[in-house]
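Engineer: Chain by chain, the residues run as shown.
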Amino acid sequence: MSSVPRLAGLLLLCFAACTTETGAPPAVADAWIRAAPPGAPMHAGYLTVTNPSAQPLQVVGVSSPDFERIELHVTVITDGVARMLEEDIVVVPAGSSVVFEPGARHLMLFGARRPLTLDDTVPLTIQLADATSLNVTAIVRAGPDAGAHQHH
Amino acid sequence: MSKLARLFRILIVAVVALAAGVLSARYLSRPAGPEHALQLDSPRPLPSFTLRDHSGGVFDRASMEGHWTLIFFGFTHCPDVCPTTLHTLAGVLGALADLPSGSQPGVVMVSIDPIRDTPEKLAAYVPFFDPDFVGVTGDMADIMTLTRNLGVAFSYGPVDGSDAYSVDHTASIFLVDPEARLAAVFGTPHAVADIARDYQRIVEDAS
Chain A
1 MSSVPRLAGL LLLCFAACTT ETGAPPAVAD AWIRAAPPGA PMHAGYLTVT
51 NPSAQPLQVV GVSSPDFERI ELHVTVITDG VARMLEEDIV VVPAGSSVVF
101 EPGARHLMLF GARRPLTLDD TVPLTIQLAD ATSLNVTAIV RAGPDAGAHQ
151 HH
Chain B
153 MSKLARLFRI LIVAVVALAA GVLSARYLSR PAGPEHALQL DSPRPLPSFT
203 LRDHSGGVFD RASMEGHWTL IFFGFTHCPD VCPTTLHTLA GVLGALADLP
253 SGSQPGVVMV SIDPIRDTPE KLAAYVPFFD PDFVGVTGDM ADIMTLTRNL
303 GVAFSYGPVD GSDAYSVDHT ASIFLVDPEA RLAAVFGTPH AVADIARDYQ
353 RIVEDAS
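Residue numbers (this note's numbering), protein chains in the order written: chain A, 1 to 152; chain B, 153 to 359.
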């Protein structure tokens with residue numbers, strides 16, 4: 001048996017897989033909320049939104065049953081002065097991702113409806129401009145480097 | 153050329169060579185300076201001020217004498233930058249845990265939002281990040297004595313009647329020496345390893 005048809009088959013398979021890849025749905029990962037002192041009026045949340053599709057993605061809001069209200073914010077540091085700006089829309093370009101991380105883009109979560117302690121999980125729903133949404137579970141952590149903590 | 157003139161010339165060359173040798177030896181043996189922090193050529197004394205710590209005690213210039221202090225400005229309604237800085241400084245203390253206790257820094261957050269940040273609010277907030285951290289608040293006039301001296305800027309966002317207004321503020325961390333003098337400034341971004349290394353170099357250089 002010749003190996004040529006087999007190779008062609010493999011190539012076709014790969015091509016099919018790659019096509020599926022570019023059409024993959026957007027995803028949210030690495031979601032965490034910084035542990036805050038009990039009674040803190042607000043929390044900050046961080047995550048990564050990935051958009052493998054060929055169209056830009058627009059994040060227009062975030063909600064959670066555990067918080068009264070969530071806003072999209074970005075910390076901008078100009079001449080050493082940290083300023084917080086609210087964003088109505090965060091655009092994730094086609095084939096790209098947007099990272100929410102400390103000292104930069106973040107979720108501002110107002111009014112926790114229950115006390116949140118380390119390793120607690122918080123469901124988040126990310127609303128997109130096309131009226132669809134993405135769900136992710138955020139973990140309460142002391143900091144970005146505290147990921148190992150959850151394996152205890 | 154006379155014998156005396158030649159002798160004189162040899163003497164000059166010898167003196168210059170000796171001076172160059174001594175200077176370069178001093179330069180080479182000098183400890184490496186900080187890489188990220190801005191170190192003042194000569195530490196600058198802090199002004200007089202009287203504030204309150206989160207236990208209600210007096211916090212003034214004398215509170216910073218006898219030990220090194222890392223001090224920064226923030227507020228408890230700050231979700232991103234201030235908790236990030238407090239978490240980073242907790243990491244710095246961890247990285248400096250092997251230093252003799254006399255060389256370890258105190259950590260102080262001074263509120264630039266004293267209307268909302270009472271000592272009680274700070275007591276519930278600042279020590280959460282490390283039990284040894286101190287929150288400081290007080291009269292705006294005294295806070296501004298300190299911020300003006302350190303070149304700290306802050307301004308309030310729109311206050312729309314709710315409790316959710318934001319305060320823009322300088323995010324630098326200031327290093328105060330055991331004589332209550334400003335020794336160095338750590339600009340943003342703040343990384344645990346950079347701050348810990350530069351802190352050690354500055355403290356060693358001063359001892």
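Hint data in this document are derived by calculation from the structure and do not stem from the laboratory.
The structure presented is a predicted model; accordingly, all values stated were derived computationally and were not measured.
Even glycine gets a Cβ: it sits at the ideal position worked out from N, Cα and C.
Treat the hints with care, as some may be off.
Facing chain B, from chain A, some residues (calculated, C-beta under 7 Å) [what the hints assert, rightly or not]:
# : residue
1 : M84
2 : A94
3 : P102
Engineer: Would the stated hint for P102 of chain A survive a check requiring a Cβ distance to chain B of less than 7 Å?
Structural biologist: 4 Å, holds
Engineer: Measuring from the C-beta of A94 of chain A to each C-beta in chain B, is the shortest one below 7 Å?
Structural biologist: 28 Å, violated
Engineer: Restraint: M84 of chain A near chain B, CB-CB cut 7 Å. Satisfied or not?
Structural biologist: 5 Å, holds
The structure shown violates just one earlier hint, number 2.
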